[in-house]
Amino acid sequence: MNVVSVFTLAEPLTTLQLHAMFESVHAGFPSPAQDFDEGPLDLLRILIDDEAATFAVRIAGTSMIDAGIYDGDVALVDKSKRPQDGDVVVAYLDGEFTIKRLVRQRGTWALRAENADWPDVVVDELSTLTIFGVVTVSFRFHRLRK
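The opening position of the sequence shown corresponds to residue 0 in numbering that gives the first Met the number 0, with each subsequent residue numbered one higher.
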């Protein structure tokens with residue numbers, strides 16, 4: 000899975016507030032007890048921890064579909080977060096950007112695809128790996144936009 004494009008976020012980020020109609024929405028039977036408005040919901044506060052360190056990338060490819068990240072999705076990436084074993088990261092490996100899960104494997108690091116059709120990429124001593132940031136959020140549009 001490759002990163003198609005990287006976007007910096009608009010400066011300054013403005014507050015985007017939507018009305019929160021439900022505490023949660025069940026994917027089973029609806030609960031009539033939750034039909035109330037909780038007031039404004041600030042999406043930026045929910046989605047972004049560090050505005051200055053966050054950027055967006057558009058995803059291309061299918062290597063992360065089992066992690067719920069699909070071709071055409073947009074991911075928010077936070078450069079201020081220290082990558083840990085198990086994080087989904089934007090990595091620059093030997094001259095190429097990719098999004099994969101960072102895992103500790105047999106005493107070294109590997110970039111794991113979340114699709115059985117893609118092999119793990121083991122980072123050996125001859126490789127150059129830079130982690131540009133940790134993916135904190137990914138989202139897709141369920142209805143095509145103009």
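FYI, nobody ran anything at the bench for these hints, they're computed from the structure.
Treat the hints with care, as some may be off.
Pairwise CB distance ranges (calculated) [said to hold, decoys possible]:
no. : residue 1 : residue 2 : range
1   : Asp48     : Tyr91     : 33 to 41 Å
2   : Asp48     : Tyr69     : 22 to 30 Å
3   : Val121    : Arg44     : 34 to 42 Å
Here a beta-carbon is modelled for each residue, glycine too, at the ideal position from N, C-alpha and C.
Now the hints, each set against the structure:
1. Distance hint check for aspartate 48 and tyrosine 91: the Cβ-Cβ separation is about 22 Å, which falls outside the suggested range of 33 to 41 Å.
2. With their beta carbons about 24 Å apart, aspartate 48 and tyrosine 69 fall inside the hinted range of 22 to 30 Å.
3. In this structure, valine 121 and arginine 44 meet the distance hint of 34 to 42 Å, their C-beta atoms being roughly 38 Å apart.
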